Amino acid sequence: MKKEKPRIAFFDFACCEGCQLTVLQLEEKLLDLLDHVEVAAWRVAISGGSDAYDIAFCEGSISNREDEERLHRIRETAGTVVSLGTCASIGCHNALKNQWTGGEVLELVYGGEAGRFETLPARPVASVVPVDYQILGCPASLPEIEIVLKRILTGQPHPLPNNPVCVECKRNDNLCVLEKGVMCLGPVTRCGCDAICTSYGDACQGCRGLVDEPNLEAAVRVLTENHRHAIMDAVARGLRVDRERIRTWFSLYNGPDLQLEQEKTGHGP
Amino acid sequence: MVHEANIHIHHLTRVEGHGDITAVIQDGELKEVQFSVVEAPRFFEAFLRDRAYDEVAHLASRICGICAVSHRAAALKAIEAAFDVKVSEQTVLLRRLAFYGEILSSHVLHLYFLVAPDFLGVPSLLHLAERERETIKRAMRLKRLAYDLCREVVGRHTHPVAMNAGGFPFVHDEAGLLRMKDRLIEAKEDIRETVSLFRGLSLPSFERETEYVSLKHPSVYPFYGGDLFSSESGSLAPEAYREAVREYVQPHSTAKYARWNRSAYMVGALSRVNNNHGLLGPFAREAADRLGLEAPCHNPFMNNSAQVVESALCVEEAVQIIDRLLERGVRSEEELAPVHPCSGRGVGAVEAPRGTLFHEYAFDDQGRCLEANLVIPTAQNLGNLEEDLRSYAPGLVDQEESVIERALEVLVRAYDPCISCSTHVVRLERDPSTHEQAGMKGGSTMKESREPDEREERDALCPECGHAFKAYVDRVVQDDKKSGMRQKIECPVCGCGECSVVQPGT
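Same order as they appear, the protein sequences are chains A and B.
For the first sequence, position 231 matches number 445 in our numbering, and the numbering has no gaps at all.
For the second sequence, position 49 matches number 52 in our numbering, and the numbering has no gaps at all.
Be careful, since some hints might not be right.
What the hints assert, rightly or not - Here are the simulated lysine to any residue pairs, SDA-like style, with alpha carbons at most 20 Å apart: (1) A/Lys-243 / B/Glu-135; (2) B/Lys-140 / B/Leu-123; (3) B/Lys-140 / A/Leu-240; (4) A/Lys-243 / B/Phe-116; (5) A/Lys-364 / A/Leu-244; (6) B/Lys-140 / B/Ile-188; (7) A/Lys-394 / B/Phe-173; (8) B/Lys-219 / B/Arg-288; (9) A/Lys-243 / B/Arg-134; (10) A/Lys-394 / B/Val-174; (11) A/Lys-394 / B/Leu-339; (12) A/Lys-394 / B/Arg-334; (13) A/Lys-394 / B/Ala-340.
Read the hints as simulated data drawn from the structure, not as lab findings.
In this text the structure is predicted, and so the values were computed from the model without any measurement.
Required output: the full structure, derived from the provided sequences and hints.
Structure below.
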């Protein structure tokens, strides 16, 4: 007897929906995928949608009670929950607002009308419910989405890659952007993006989160002290390069991770 | 026929972001209809503060996955205006090329994936996989083309890389541009087929004249910039956008509305075509003629047709830009303009796929952001969308509830609302006086109007990771507390969900 196709569903929380759009870029392969799965719910692409599904892709961070409850319902329904992208996996810059209390941030944005809204600290999906698969990246990279899809459908685990971006960057034969006076978070950032930003001559901003046990101290030293080009370039432009500046930069995607690292090692960057 | 109905469409599908439509019908008469935005706000304007200018540009594109290039470009233009950076012609050409990729990608996504299913009678384009494989393949091909055009210039479509203040830090591949040119020329056939598809769809013949607002440029179709233009009152410098975009709050909705000369105005593809129809090239004009789109057009459903016309325009003009780039030769880093941060303020205005987008930033002498103001197209469209709904819905009350529901959805979808950008859609009025107040510690109207014990900051401790933090206890939490239990909250560090609020004095 033919086995029933697993039903997949996509859900979005606080995010830009860029990761789901990346899934749409599967294009022709999306049609092939439909031979293996049934799409049960995908609000961005499909009207209607069903509440019965096996695999739930969740994009975005959880930052209010309604979303929290929605996520719990999803977890109860789905056998497999996947956090899609950096917002869902590590909180991304949604978590930047956590540096303020809910009241402060509401007041900053809504002024006198702040009392009409409620917000909670933005958290990754895994902070609210157990997650079976993680896909990182802002946005999630298409090859990784494909790999994880295959692994889910064949029941294999997907361990996160644990090399810094530098490994992929070197494999692409790039000149290190530090040499060009661009400051880069690649040395402490988890790879899997094929070093797209540095391959285009841009800095890595750390969108896939920190590698396990990152040497932050050394990374900051490289960026603040040892790296003459970058420093001189920044100084020439009248910019201050100090630990505080680097620290805020590190927190662009890694605010919660950095705090955790600080707890573990007793010092942060 | 419905006499009494409360139609509430929760989390409207096939739009970007979360929005609800509500319509109330009593005694066969429409009493109320509104579109509300229910997306979880993300507080961009708050966390852009204190960020360095390059981080601001990086974060700006993260506002929206569909219009990331527009947000990045608007931010870059604002930053470059604040620091008085003059970018090279090559940089402008490449940025315009990225815009064509993004506009084409967004329009194709909207037309094929979000709009066409309404008229083809299926819940999604994917449901056509069996029946009309060629249609779906064409949609995929056009999307692929738009995506590859972006990739050629800015690495990828969602969240462009290497699109920086001062210019592009890498050398573009002329062979890649040539390949793109060939593919763009080939794609004209797919665009013609798209025109045929949409010509065959019967859009409702509803008309309501309104104020059409877009950028306007004397010689170039104004995606990348131009003067701010209203069909009602003419041109205005984009820096003076606050004079034009007057934002206000409706008591019935949490969303922020905008008006200029009339009670509401429309932005987006239809406004752009209405205001710039003289700039359509022969290929785009052919599309407009075949679709019966004549400027000025007052049918909001024709926004879909205007998007088809702009898709043709993107393909046509992208070829011209590539020719221009190849003619002058793509040059390397010397094209980078130096960026010297200084204290200042700048406005960047561009045409995002859904309409005019403004970014305004103030910086200190270190290039750190002091203040950010973002005005997005969907917020500007809300007032006009509601006026259209109010004018369109009464003609529908004789229909079945499901028919009304679908008709209202189709109208909202024609506006192509993009709600992720709702950093600002749900941002409320803050005129300069209340703004100042909000900036003052303890001086905000919010604090004055609230009972002091309604919202409190409490110390909390995480038993898992031992992290102590301040928790904000709001009313919901406090209700639980009143029932005599310690409130469990999530630790912002480890997210364990086991942390408890420490009572003051304990």
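Quick rundown of the hints versus the structure:
{"no.": "1", "hint": "A/Lys-243 / B/Glu-135", "verdict": "16 Å, holds"}
{"no.": "2", "hint": "B/Lys-140 / B/Leu-123", "verdict": "16 Å, holds"}
{"no.": "3", "hint": "B/Lys-140 / A/Leu-240", "verdict": "12 Å, holds"}
{"no.": "4", "hint": "A/Lys-243 / B/Phe-116", "verdict": "16 Å, holds"}
{"no.": "5", "hint": "A/Lys-364 / A/Leu-244", "verdict": "13 Å, holds"}
{"no.": "6", "hint": "B/Lys-140 / B/Ile-188", "verdict": "18 Å, holds"}
{"no.": "7", "hint": "A/Lys-394 / B/Phe-173", "verdict": "11 Å, holds"}
{"no.": "8", "hint": "B/Lys-219 / B/Arg-288", "verdict": "18 Å, holds"}
{"no.": "9", "hint": "A/Lys-243 / B/Arg-134", "verdict": "18 Å, holds"}
{"no.": "10", "hint": "A/Lys-394 / B/Val-174", "verdict": "14 Å, holds"}
{"no.": "11", "hint": "A/Lys-394 / B/Leu-339", "verdict": "13 Å, holds"}
{"no.": "12", "hint": "A/Lys-394 / B/Arg-334", "verdict": "17 Å, holds"}
{"no.": "13", "hint": "A/Lys-394 / B/Ala-340", "verdict": "15 Å, holds"}
In the structure shown, no violation is registered for any of the earlier numbered hints.
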